[in-house]
Amino acid sequence: MLEFDGLHKSFGVNHVLDGVGFTVAPGSMFGFCGSNGAGKTTTMRIAMGLLRADAGEVRWRGRLLDQDVRRRIGYMPEERGLYPKMKVGEQVAYFARLHGLEAAAARRAAEEWTERLGLAARRGDAVEKLSLGNQQRVQLAAALVSKPEVLILDEPFSGLDPIGVDSLAEALLGQVREGVPVVFSSHQLDLVERLCDSVGILARGRMVATGTVDELRRRETGRLLRVVVPDAAPRWAGALPGVRVVSERAGDTVLELADGTDDQAVLAEALRTGRVTHFAWQQPTLVELFREAVAVPTAQEVAA
Amino acid sequence: MSGPRGISGASMVRLVAAREVAARVRDKNFIISSVVIVLVLVGVLGLQVAFSSGSEEIRVGLVGDPALRAALEQQGDALAVDVRVVELDDGAAARAAVEAGDVDGVLVLDDGQEPELLVEQSAGGSLQAVVQGAVAQLALAEQLRAAGITSLDVPEVSVTALDPDADADGQRVVVAIIGVGVLYSLLILFGQFVAQGVVEEKASRVVELLLATMRPWQLLAGKILGLGLLGLAQIVLIAAIGVGGAIAFDLVDIPGELVGTAVSVVVWFVLGYAFYAAIFAVAASLVSRQEDLSTVVMPTTLVLIGAFVVGIQASADPGGALARITSYVPGLSPLVMPVRQAAGDVAAWEIALAVVLMLVAIALIVRLGGRVYAGALLRTGGKLKIREALNAERA
Chain A
1 MLEFDGLHKS FGVNHVLDGV GFTVAPGSMF GFCGSNGAGK TTTMRIAMGL
51 LRADAGEVRW RGRLLDQDVR RRIGYMPEER GLYPKMKVGE QVAYFARLHG
101 LEAAAARRAA EEWTERLGLA ARRGDAVEKL SLGNQQRVQL AAALVSKPEV
151 LILDEPFSGL DPIGVDSLAE ALLGQVREGV PVVFSSHQLD LVERLCDSVG
201 ILARGRMVAT GTVDELRRRE TGRLLRVVVP DAAPRWAGAL PGVRVVSERA
251 GDTVLELADG TDDQAVLAEA LRTGRVTHFA WQQPTLVELF REAVAVPTAQ
301 EVAA
Chain B
1 MSGPRGISGA SMVRLVAARE VAARVRDKNF IISSVVIVLV LVGVLGLQVA
51 FSSGSEEIRV GLVGDPALRA ALEQQGDALA VDVRVVELDD GAAARAAVEA
101 GDVDGVLVLD DGQEPELLVE QSAGGSLQAV VQGAVAQLAL AEQLRAAGIT
151 SLDVPEVSVT ALDPDADADG QRVVVAIIGV GVLYSLLILF GQFVAQGVVE
201 EKASRVVELL LATMRPWQLL AGKILGLGLL GLAQIVLIAA IGVGGAIAFD
251 LVDIPGELVG TAVSVVVWFV LGYAFYAAIF AVAASLVSRQ EDLSTVVMPT
301 TLVLIGAFVV GIQASADPGG ALARITSYVP GLSPLVMPVR QAAGDVAAWE
351 IALAVVLMLV AIALIVRLGG RVYAGALLRT GGKLKIREAL NAERA
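Protein sequences, first through last, are from chains A and B. Each residue of the first sequence is one higher than the one before, counting from 1 in the numbering used here. Each residue of the second sequence is one higher than the one before, counting from 1 in the numbering used here.
Simulated from the structure, these hints should not be mistaken for lab results. Nothing here was measured: the structure is a model prediction, and the numbers come from that model. Mixed in with the good hints, there may be bad ones.
Stated by the list, open to error - Below, a list of computed lysine-lysine pairs in the BS3-like style, where the Cα atoms sit at most 27 angstroms apart: (1) A/Lys87 x B/Lys28; (2) A/Lys85 x B/Lys383; (3) B/Lys28 x A/Lys85.
Looking at chain A on its own, in the form it has when it is part of the complex (with noise of 0.2 angstroms):
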């Protein structure tokens, strides 16, 4: 397991992190939202030593992430970074030496990641001669390397087109399905949705949810309702105890219901007023989950 556990830090009197903590299973994808400067760079920072927490700490396998443990994961820093001058190859092959390999492993390694990442042929070319996209494909490939135990990248699918966002996200289910856990952060969260296994949702410095896609979609399941009645007058629903009207219109009605409130009371109410088109349990997208999640600050956190 990757723990990341009561996590705070605070840059002067800016309380960034306030107890940030959640778990990655082995093999397994976790997907970390949160709107800009919400804490994701700062945890991940953390994690990879670059800063240092005022609390709390980081484990892989029940063991505190110091300079050996860190070498076998493989990082991919927010700000993309690489020597521009030194070719891809050496390049490449310099980060596997420096998580470990040997001179020949390494050496190795870095054909093999290039081959596979299609730069074979950009092997002999400095970093500054290759396109943008190469640039992050030599970047992944920097990560990926030395063959890491855990992989933490920083908004990794930023600034690719979908070719580039579909390659990546294959070389990540690659690695998940070789039991490596894989957290990344990013703003697309359609892509979160899609590849991960769990995700967290980071809020002013807290954890304000996190599971997996369809655990946070339960919790906020059987809580709101659509029922299309096109024949109904206005207000059908109105008097229906437990029941709150969000939105109507039409007989396009949104409702939400109180706790142990009976679904199939408000269905028979609607088939009183006649057709019923529609009848599901709403099911939100994780988008929607974000802005739920995101929008609603508690008391507690806006005094911080």
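Given chain A, put chain B in place with the hints provided.
Frame of chain A; chain B shown alone:
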């Protein structure tokens, strides 16, 4: 847990240093500057050889009386001309040698005939003087012997030198100035390399990836060490060419001291480089763009220039108060002490004191500078204050 991933700090430093060396030896600027330095050096040596009059050499062929050989060489000594005597068999061989240019002229002595000097076109001033003198000397000795006079009582002039080492002193100082000049240029050059390297890593943001695998001090040490080895190789090469050339072409009268001065320049380069490279690196870590580099390294560059000026001044007055005091001051000492050492009037304890002070200063800079460097590396955008960097280090 997998694999043998534990790497010692030392091997991390070695990896960084190896990358620096590999990147630099392929860098055009480095190659060009190295070639230019060597060319300038060879050029200076060539000029020295061309202009040095003390090494004029005359090759004289000799047919006949071998007794003249000694006389010719003696005359050469007297006229400060190197005379090389080649004995030839007969007139035909003499002509051939002159025509082939093997000799400047041939002195032919046939029994009973007047001595004859064969030359290709005309006899240069010193050639004729040497030959004329030698023949005259021999003839004079023979005539005296014939007259029964075996010894002449000629008073010998005794020479008292007021400053017997004046020439050697001058050469020592010249050698020291050249040494300090080379030292200064290489310190500036390699200090710039270090500074550019630090900013390059910050500007390209690769530093974040590096620091995920190593500590800031390992990165700093590897960079300084790698470039330092290149600098050392370059100054040793320069010293070898300079000293070797000067001795081979016989440009100096004090080869032993020349070697001593070269060695002390190399040693002071190591100390000076460690000092300035650390400062340049720390200063460079405060900015994120190459464009901002010149403003932060300016103060250090000015100190270096000041040290160079003081060093040159010290060569004129190596025993003066200014030279004496500055030769202990860390940062100035690498460019002043070698001059005083070359001039010769410096005690061993003074050198030891300067070295110790320098080492203490280096240790302090590396400790404090390392913290600034560590704090500043991940702060991009704008120019950082040293205090901010020190605070950030604790972050």
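Structure-based check of all given hints:
no. : hint               : verdict
1   : A/Lys87 x B/Lys28  : holds (15 angstroms)
2   : A/Lys85 x B/Lys383 : holds (24 angstroms)
3   : B/Lys28 x A/Lys85  : holds (12 angstroms)
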